[in-house]
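Could you slot chain B onto chain A? The hints should help.
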Amino acid sequence: MAIHERSLVDPERVLRKDRLVIDGVDVSGDWNLIILPRVVNDYDLEFYDEVIAQPEGKTIVNCYQCSYCTASCPVHNYWDERYNPRHFIYLARLGLIDELQKRADVMWRCVSCHKCTHRCPKGVLVEEVLKAILRVMAKRGIIEEYPSKKFDKFFLDSVYEYGRIEDGELLFGWIEKQGYQVVKDPILKKPIPFIGGVPEWLKELAAKPLKNMNIGFLILNAKHMLFHPRTKNWNKFKQVLRKVMEEEGVYTH
Amino acid sequence: MAKSVLVVGGGPAGLAAARTLGKLGIPTILVEKEQKLGGRPVLEDYHTLIPRKMTPQQVIGPFIEEVQNSPNVDVKLGVELEACEGEAPNFKVKLSNGEEHEVGAIVVATGFQHFDAKRKGELGYGIYPDVITNLELEQMFSREGKLYRPSNGQMPKRVAFVFCVGSRDRQLGVTNVHCCRYGCALSGLQGSEIREKYPDVDVFCYYMDVRTYGTWEYPFYWAPQEKYGVRYVRGRIAEITYSPTDGRLRVKHEDTIVQRPAEIPMDLVVLVLGMEPSEGTKKVAKILGLAQDPDSQFLLPAEDAGSNIISNKAGVFIAGACKGPIDIESSLSEGEAAGAEAATFIGAKVSA
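Quick note, the sequences are listed as chains A and B, same order. Residue numbering for the first sequence is 1 to 253, as defined by our numbering. Residue numbering for the second sequence is 1 to 352, as defined by our numbering.
Heads up, some of the hints might be wrong.
In the SDA-like style, the derived pairs of lysine to any residue whose C-alpha atoms are separated by at most 25 angstroms in a straight line are [stated by the list, open to error]:
hint: 1; chain 1: A; residue 1: K58; chain 2: A; residue 2: R103
hint: 2; chain 1: B; residue 1: K227; chain 2: A; residue 2: H118
hint: 3; chain 1: B; residue 1: K286; chain 2: B; residue 2: G98
hint: 4; chain 1: B; residue 1: K252; chain 2: A; residue 2: H118
hint: 5; chain 1: A; residue 1: K122; chain 2: B; residue 2: D209
hint: 6; chain 1: B; residue 1: K252; chain 2: A; residue 2: V39
So the derived list for chain B, only partly shown, Cβ under 10 angstroms to chain A, looks like this [said to hold, decoys possible]:
hint: 7; residue: F204
hint: 8; residue: Y232
hint: 9; residue: R236
If you're looking for bench data, these hints aren't it; they were derived computationally from the structure. C-beta atoms are modelled at their ideal positions from N, C-alpha and C, and glycine is treated no differently.
This is chain B alone, in the form it adopts within the complex:
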């Protein structure tokens, strides 16, 4: 019986799984498609992670370091899973670099990708330079450390957040009807950061409903309003246009509380992007025969398992954003759980 574990994906969940396996002394192979560990938050330079308001370096940095220094974890960058034969606990896996390995269990942590805002043409992304995504706003903070309008480099007087772009939207097909979970909270945080640093900038959040669930309610919904003066307007933005007379954008919507149409001038519009399963997630699901949600294509846990890291296939565990939108701390803890679960699956025991 093979005594090693394959972890697919070097993002938060995959790193957490590999770290746990490494600490338990189990030979682990970690394959990552990109040339760098850390997943979306590190690769795309997120500025602050919800809900702890820490930087990716603070959160994921220690995991990367521990995994890289672990004698038990073999990190393979630029490598993908190509094929898998056999059943648990004797999987024969083939990697894209030509290597073949025998593993006893597999942890899938292949993650998500951001929605492509160009698909919502009426919102003007890619047409008007001052319409940006919340990812680009994060990068504006983390890479350049300042807020500006891409069209002229000046400070905006007004910033609008457009919620649910690529989420809860049947117009895009059945693939994007789910809630992205993080968008409301991240917008509250980004709005607060803007207001804190630039108190003269007015920030508006256009929402249908605000889903800062659980303990996120105060820090990401109440505090932005009570402490930082972020304004919430109920109404989904239906169209973004540009007025050449004043060089500002117009956000067109119905204010559903006032029940009147509105076209309000804005200087910078931030689209709050939804989450989709990554290409890697879809590919790995085919290779391993994992159950997928028929609509969103995210991976589904086994129907008879209460825990959501147990897949429909024995010996394969799923963790993080490959199962659907998730925040950073849940992603890490799911990775840790999947790592421990994989360890027990291959029969590892703590010797006295």
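So that you can see chain A by itself, here it is in the shape it has in the complex:
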């Protein structure tokens, strides 16, 4: 049977069988095609419980769907309307998994500007809540590990180890984490700038600030990259940080 205005029906909702037998009755022919309804049949409430169980996810209970966050969100405003933090929260609360999955390709696009969190009238830590939602989705295998997480981990590792970040190292670290080949010197295992598989646009991007940089600052940066100083008394702070991270259940080394 033909569908009129077929373009209006999602392809995944069209079932077509050459031969179809239902309860022993052969219904091939006119009834060989079924359009599955758009109806939501149930909620997955465990999804919400898992989000709340994440340390970042607790404030999701406060949301009352005013959409202050989405109206403020640069990703929503300038990139893709499907990136909608307010809507993600609603879907996560009811556990509408298929709807979340439809948006899996855009969900990790947060640029961490934190406008949502600073403006939320109900005190929802929106950016953190979305990370919690993403984490539960990743755990369930319905979204790929988001690429920005690699950088997050690199950043956190750096702070955790030294109590500070090095701009140069962070840049090279980011390049490496993006999957580009970085050539390292054999002794200190530090990246050598501008050789290897780094694309031209990235080299240009990295070279721009170098041209205008004070030579003393450049040397200082290089020195820090090579010999990576630590924040004073960092080991004491590190112990405190570790304790807090363990208490809150975030990953530790």
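Below, chain B alone, put in the same frame as chain A:
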């Protein structure tokens, strides 16, 4: 000039008016149609009253006691107002027990009645035993002290509140287009009570918008979500069906945020009933010639009066739910105001 006051209705507003009049030393006749004082909250065993979260006994009990013990208030149970002649301040009133009295002022506090949910056939009330009204849920709490599915006596896993049943609905005619005012708040409270006592039960509120106005916002809208985990879903329930395969109900609606139709399994569905003027209110309006809202039939205050207890007829004061949906504390304070207003109308003064 007659120096007594007639109070029509023995609910919260009427009791408050009679109590104030009694304390001022004014001879008062209180007529109540039922055999018991207290009005809807007492007669129908409400469990908890918003917004103070007190029982009807705690709130209305002291008023009943004071009125019954007042030497100035003559309580007549099982009696209605039948006729009224004359103008203020010389009303000649005839009661259903045959008595006739002369009164200087009248306080009308004839109240409301609950919407009859059977009129919304698509919601299955009276067809499926697990579709109940919020009044029946109150009685389940107050009379039996437990939550259960009427069909099998078991604990429900999921409870849905269906907002605005008999409110904001032109399909019922022009009589039910108003907002019931209490429904959103009471549902938030009932949902919280369920979640507090039975944390394993999931509670859903299906709403178009949530009208917990003023200071009710935190206790009856934010707290249910933040503290008790009541879930709010935007979409008006259009139909309730029953699935024999799993013995559960299905609430059919469009989730207007997700913009998809949904038929979600539920074990117990609670219809949040609207308020209508009681039969007594409509009858008294005819007898006394009071202005009524052409749509809802609730009593209307005088057009030129800023205060809403002044009726269009001199010497007649209106208080409580006969003027439209109202909460318990406003009903009591309106009754008190109407009582004081009636006292000054008949010329009572505090002697030094």
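Restraint satisfaction for B:F204 [CB to CB of chain A, less than 10 angstroms]: holds, 9 angstroms
Given the hinted pair A:K58 and A:R103, is their alpha-carbon gap at most 25 angstroms? With Cα atoms ~22 angstroms apart, A:K58 and A:R103 stay inside 25 angstroms; holds.
Mind checking the CB of B:Y232 against every CB in chain A and telling me if the closest is under 10 angstroms? holds, 8 angstroms
Agreement of B:K227 and A:H118 with the hint, judged by alpha carbon distance not exceeding 25 angstroms: holds, 22 angstroms
May I ask you to test the interface hint for B:R236 with respect to chain A, counting a Cβ-Cβ separation under 10 angstroms as satisfied? violated, 15 angstroms
For the pair supplied as a hint, B:K252 and A:V39, confirm whether the alpha-carbon distance does not exceed 25 angstroms. holds, 9 angstroms
Hey, B:K286 versus B:G98, does the alpha-carbon distance stay inside 25 angstroms? holds, 19 angstroms
For a C-alpha distance cap of 25 angstroms, please report whether A:K122 and B:D209 respect it. It holds: about 17 angstroms lies between the C-alpha atoms, which stays within 25 angstroms.
Does A:H118 sit within 25 angstroms of B:K252, going by the straight-line distance between their CA atoms? With Cα atoms ~37 angstroms apart, B:K252 and A:H118 exceed 25 angstroms; violated.
Comparing the model with each earlier hint shows violations of hints 4, 9; every other hint is respected.
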